[in-house]
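Asker: As given, the protein sequences belong to chains A and B, one line each in that order.
Anchor point for the first sequence: position 279 equals 279 in the numbering used here, and the numbering is continuous, going up by one each time.
Add 1000 to the 1-based position in the second sequence for the numbering used here, that's all there is to it.
I should point out that these hints are in silico values taken from the structure, not numbers from a laboratory.
Please note that a few of the clues may not be correct.
[Stated by the list, open to error] Below, computed lysine to aspartate or glutamate pairings styled on DMTMM-like, alpha-carbon distance capped at 25 angstroms: (1) K1285(B) x D181(A); (2) K1007(B) x E122(A); (3) K156(A) x D1025(B); (4) K1007(B) x D125(A); (5) K1007(B) x D83(A); (6) K1372(B) x D83(A); (7) K1372(B) x D97(A); (8) K1372(B) x E446(A); (9) K81(A) x E1018(B); (10) K156(A) x E1018(B).
Small disclaimer: the values here were computed from a predicted structure and weren't measured.
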Amino acid sequence: MGGAAAGAGVRDRRIAVTTPASAPALRLDRVRKSFRRETGESVLALDDISFTVQPGGLAAVIGPDGAGKTTMMRLLTGLMKADRGTVTVLGIDAAKDPQSIQSRISYMPQQFGLYEDLTVRENLDLYADMHGVPADSRRTQYLRLMSMTGLEPFQKRLAGQLSGGMKQKLGLACALVRSPDLLLLDEPTVGVDPLSRRELWEIIHQLIKDRLTVLLSSSDPDEAENCGSVLVLSEGKKLIDAPPAEVCRLALHRVFLMPPPGGTKARDLQARLLALPGVIDAVPERGQVRLIAEEGSAASEIERRAGVAAAPAPPRFEDGFMVLLHQAVRGKAAAKQAPALQEPPIGGAPGDTVVEVRDLVRRFGKFVAVDRVSFAVQRGEIFGLLGPNGAGKTTTFRMLCGLLPVSAGSLQVAGVDVLQSRASARQHVGYVAQKFSLYGQLTVDENLDFFARAYGLAGDKRRERIDWALSQFELAPFVRLPSAQLPGGFKQRLAMAAALLHRPQILFLDEPTSGADPFARREFWQRIIALARNGVTVIVTTHFMAEAEYCDRALILDDGKVLAQGTPGELRALAPVHAGQVATMEDAFIAIVEKARAAPARKSA
Amino acid sequence: MTDYRAKWRRIWALTRKETRQIIRDPSSIAIGIVFPVMMILLFGFGLSLDVTTVSVAVVDEDVSADSAALIGAFRLSPYFKLTATRSMAQATLLMLNRRVDGILQIPSDFSRRWHAGAADVQVLVDGTDSNQARIMQAYSAGPVAIWSAAQAQAGTPVAVGPVIVESRMWFNAANDSHYFLVPGLIVLVMTIIGAFLTAMVVAREWERGTLEALFVTPMQPGEFLVSKFIPYFGLGMIGFVLCLLAGKFLFHVPLRGSLPLLCLASMVYLLVALGVGLLVSTLVKSQFLASQLAMLLTFLPAMMLSGFLYDLRSMPLVIRGITYVLPARYAVALLQTLYLAGNVASVIWVNLAVLTAAAAALMLATRYATVKQIG
């Protein structure tokens, strides 16, 4: 009874301290902020930005990498000072009195600010103490947070031992130990699987219902769909500040769905469409290609050039976003297309089985990370490993590369038994790890040279392959830059270049697009498709279910077990049809995983 | 305006968090507890600047009463352990195999020449450890002197008496190097715990992004720093007590000054070390760089330039000048004085004042360097 009374008290207090409805929750007025990079040049992170968020409701800052999203968050928290312009939060000037703002808002930075060597409960206690949450209201608040995040059973677990999605939820819970007047979330969904992402969104919607004001940033335009207002940034400049529906309208009558001609792949049609003039964007979706045309370019013209019928489709936020970005970079060379692959094809007949995994098991003590997983991949295929955080994808990968011993089962890679001779299997394999794992202090050239030597390339051959990598991945302008200072997307390119130096038959990519913006992701997939066409077999894990559309076949893994396997079309068919609409890959994924989790008895099947 | 109850609650919460992190992080326990113990054992048993029981091969080619008496004088000395050999060749072989540290060779005409007035005895010393060699050379004069004195007493005329070296070491009459190693060891352990461990802790929070989240709370920078000082101060005092106990019970080093003063001096120096570590960590924001800097700025100077191992007076003038800016120098002087000489007021107050000023300056600098700002 005391708890309930205290809970009511907390709610009352929040309403009492909320600023008058007329005052905006936050306001940036002609804000400018620049930085000096280590290399000396000055970067304009935010250029003359004005933006206002009214109290109550959800606003988002959306933009590609390097748009200035994090800088904006830090200006709002008072952790950075603007060069020019004013930042006002809850009616307080951030430059003059940052502490007053910091005492009233909650903020979840990109790295969530969790202490990995403290337990879930200890992390919560720390932040509750910091915010001066009294012991009696703490009890009710914790109960609410625990039921909201589902962290109840893990209270005694160290934060470092939580999966990515759970860490994110704990970070959010720490920011919510008291009821803030404003909640700032910097890229809260990076690296989170669709299931956890959906749960995170449910929490955020609950908060909005409780009349909390939330501002979040993201590089994924999908996140903007549910927001009240959206600020789109690109390279420090404001592209638009509007409700999402208005952004969608930018692409009105310009979005089409085009089915690939019989027997061909959607991704091949996509590549063809991207090369056409008047095309802003094309992505595979539900077995078709979703195309955004430039303003004024008639659908009939595109239909004629592509030789495929185009059905008009209602625009989404992402479509409007792509139109905006396209307008912003017009004049500069739009980097939607990767250069064609200049390399002789990898030998071997297509259709050969190059990777064969049978009843693979990996145990860590009593915990079974990978449980009797079997699959086969043919030459030149793109094969996707999909699954929530902690499903066993990375563990499977490490065994395939011979980096981790196998508990049971058999593994054939490029005709070599990995268990018998790891070293010779590795000669045929390129591996790009989830985290950037090149040497940050070495330059681009030194890194490539090191990896070329590590793969045993010598003399002219080595020079030739490094030159190939530099031109193929457009890294030549950065040759002398320490690789830690490369812009995000280029780090990814360098990692891929290093993994391809020895011309492997098989390329393993672990979460290659996690945290990347839509541009970087599209470009990346164009490179992958080109490689596959050249006979390279690609096995890839991803959190973005839409990207499974690029795969020839994919496998859904949860809790170490294979739940489903097949072409994107076959996987989509496993989800129920909603209102006559074919399910998206994401719907299918969630349906498959939830069904399997609800029926644990089915596991042995 | 300031709510002190909330303030103290935040400090308490942060201190508890820091303490938990120390306890759960094996590397901080390793540096905080295992390292002092290892240093105590290493410096206590492994490194000793005394020479005791040097093993010497004896080649007696004379085989006379005189030579037997000389060998007897060596045998009586506590510093030598003799091994009788039959020939020079055998003795050389023993030395080459490092079974003995030196050779005492008594030539076949020793007795005859002795009575004639001028005898030679050859002492060969393994020079690979020059320090030990020099000491052994000096020590070997002792038995020879005793022997010739005995001969003189017996009425045998001594033609050329060997120089009798009478040495007496002040404050360390037992010539036990533990006496001056233990105070230095306390300084060294404090330096490691204070500067080396803390150099990582602020930088770690920057690297892991936890500070960014903590900053956007009512927490003030001073509270954050106090919460870093408290647990590491505690850890440093544990190291101090370990050294103190080892000094008393393991090495039996007498404490001539007062114990409260010794504790006070150590605490002040610990604050200095913590100040250096936290300041470096705050300024550098990278764990790797901070630990390297802490090593260069504190540990190595404390080892080499504090007067702990090497006598400051024998250093070149420039280097001696450098030592004046090192807090470790004042701490070593202070602790050695308290241990070996007692409460010598002039030495103690000057050094204590310097250390107190350094601690205050470092803490203030750290407070000013900690601002809730990124980039």
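Asker: I'd like to know which numbered hints this structure contradicts. Please list them from smallest to largest.
Answerer: 1, 5, 8, 9
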